[in-house]
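Residue numbers (my numbering), protein chains in the order written: chain S, 129 to 253; chain B, 4 to 363.
Hints were generated in silico from the structure; no laboratory data involved. Quick caveat, the model's predicted, so the values are computed rather than measured. Ideal Cβ positions, reconstructed from N, Cα and C, are used throughout, including at glycine. Mixed in with the good hints there might be a few duds.
What the hints assert, rightly or not - The list that follows gives simulated cross-link-like pairs (lysine-lysine, DSSO-like), each with its CA atoms no further than 27 Å apart:
| id | chain 1 | residue 1 | chain 2 | residue 2 |
| --- | --- | --- | --- | --- |
| 1 | B | K111 | S | K159 |
| 2 | B | K176 | B | K111 |
| 3 | B | K20 | S | K139 |
| 4 | S | K221 | B | K220 |
Claimed, not checked - Okay, the calculated bits of chain B under chain S, using three or more residues with CB under 8 Å as the criterion:
| id | segment |
| --- | --- |
| 5 | 26-36 |
| 6 | 73-84 |
| 7 | 289-302 |
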Amino acid sequence: MNAPKELLYAKSHEWVKKLDDGSVLIGLSDKAQSDLGDLVFVNLPAVGDSFAAEDTMCDVESVKAVSDVYAPVGGTVSAVNESLIDAPEAINKDPYGAWLVKLTDVSGLENLLDADAYIAVCGEE
Amino acid sequence: MQLKTPLYDSHVACGGKMVPFAGYLLPVQYPTGVIAEHMAVRTHAGLFDVSHMGEVMITGPDAFANIQNLFTNDFTSMVDGKVRYSPMCYENGGVVDDLIVYRYHQEKYLVVVNASNRHKDVEWMKSHLFGDVKLEDCSDQVAQVALQGPASAKILSKLTGAQELPVKFYTFKDPILVGGVSCIVSTTGYTGESGYECYCAPADAPKLWNMLLEAGKDEGLIPCGLGARDTLRLEAAMPLYGHEMDETITPFETGLGSYVKMAKSDFIGKNALEAKGEPTRVRVGLKITGRGIAREECDVYAGGQKIGRTTSGTHGPFLGYAIAMALLDRSFGEVGAPVEIDVRGRKITAEVAPLPFYKK
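Throw the hints in and build the complete structure from the sequences for me.
So, in structure tokens, the structure goes:
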């Protein structure tokens with residue numbers, strides 16, 4: 129499985145990319161998109177929504193089923209990737225490019241896994 | 004404990020993602036994914052393992068009288084080599100199962116039932132037999148693959164040589180040698196496309212599977228899983244037991260009235276269905292006009308009033324929009340009527356659409 133070294137990961141299969149201004153981008157890992165299958169709908173949160181780590185942040189639907197996406201860290205939504213509304217399949221095609229939300233006031237980064245630890249966790253599943 | 008079909012190793016070899024279904028481990032999809040598998044069946048061809056289905060042989064001098072009594076459809080006019088769909092009802096008019104009946108002759112019928120209902124069906128049928136008749140559950144001696152899609156005839160004929168294949172929809176021939184494997188071949192399926200279902204001995208199934216995939220390689224044939232099977236049947240608005248019908252839903256409510264012959268002298272459930280009269284709720288199609296996907300068991304509203312619930316729903320890969328089937332109060336079932344569906348607490352808009360959503 130593909131898990132870029134420069135990203136951080138949650139056990140619930142979200143990735144987190146730290147940006148220079150202290151905010152983060154969040155998306156779904158390659159394993160998550162592979163397990164979900166063809167995605168056909170993304171229900172994004174609203175800008176301004178705040179989440180604690182492990183809160184349900186939004187949901188994505190594959191042809192077969194709906195899955196919650198959990199906030200891997202705490203924070204406030206400062207942007208959502210609206211291009212996914214019309215093209216949810218971008219998550220399947222480019223999971224590490226297709227970010228879902230951008231969070232500011234981020235907390236709990238220290239609880240995330242690095243790529244090696246995340247791959248190890250996936251191996252145990 | 005989950006059973007494996009004779010094709011389990013073939014699925015794993017094809018990269019199938021195996022999941023438990025009706026007591027069996029079956030592929031929900033292959034690496035191609037549900038959408039590509041769905042589209043292959045609509046435009047070229049797809050191959051499904053449906054070995055989990057149940058097969059029951061009913062034979063003997065009173066076989067005909069028994070199927071007339073057990074099933075709601077009328078088999079009087081049926082000729083040898085025909086296949087006919089029918090619900091099977093309880094005394095109260097609820098549905099035991101829906102099934103297809105293959106007529107060999109007046110005293111021999113093959114009945115194909117849903118995997119999840121097999122044991123219940125066999126018990127029910129056995130306890131209602133009369134006269135000189137024998138019923139045998141031969142499910143474990145039969146494997147089944149479904150070759151579906153517009154290229155099916157071309158693919159199958161590569162393996163059947165000069166033998167005449169069944170042509171007319173819902174007919175069968177037995178035996179047909181498919182690449183040397185002895186099969187029952189019928190022009191049936193659960194996708195809304197033309198195609199075949201081939202029954203063979205379990206030991207021959209992997210060979211049949213591989214020969215068909217090889218014969219279809221240049222015709223766009225790919226293996227397809229349960230995911231595509233469900234989206235295909237939903238676009239074609241084919242009901243599924245446990246969703247559009249069950250022991251609490253009558254065939255009339257499901258819209259299967261043309262398979263319930265009330266003019267027949269008698270069958271199990273007839274009295275109850277007669278007493279119930281016109282159903283107060285009906286199965287309708289819903290086209291989702293808002294954002295989201297309604298699955299099964301979502302409440303449906305009109306003008307703030309609850310008018311029913313969805314029974315199945317998905318994204319329709321060929322249609323390109325989300326669809327659902329629902330049981331609604333019949334006064335709200337008119338095509339074009341706007342409704343709202345509660346999807347996990349969020350109301351999304353939809354409208355009543357004509358069924359089937361997709362017709363080839």
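Hint check:
For the hint linking K111 of chain B to K159 of chain S, the alpha-carbon distance of about 51 Å lies beyond 27 Å, and the restraint is violated. As the CA atoms of K176 of chain B and K111 of chain B are separated by approximately 14 Å, the hinted pair is consistent with the 27 Å bound. For the hint pairing K20 of chain B with K139 of chain S, the CA-to-CA distance comes to about 22 Å; that is within 27 Å, so the pair holds. Proposed proximity of K221 of chain S and K220 of chain B is supported: the alpha carbons are some 25 Å apart, at most 27 Å.
Three residues within the 8 Å Cβ limit are the bar, and the segment 26-36 of chain B against chain S gives 3, so the coverage statement holds. Only residues whose C-beta sits within less than 8 Å of a C-beta in chain S count toward coverage, and the segment 73-84 of chain B has 0 of them, not enough to reach three; the restraint is violated. Coverage of the segment 289-302 of chain B by chain S holds in this model, with 4 residues showing a Cβ closer than 8 Å to a Cβ of that chain against a need of three.
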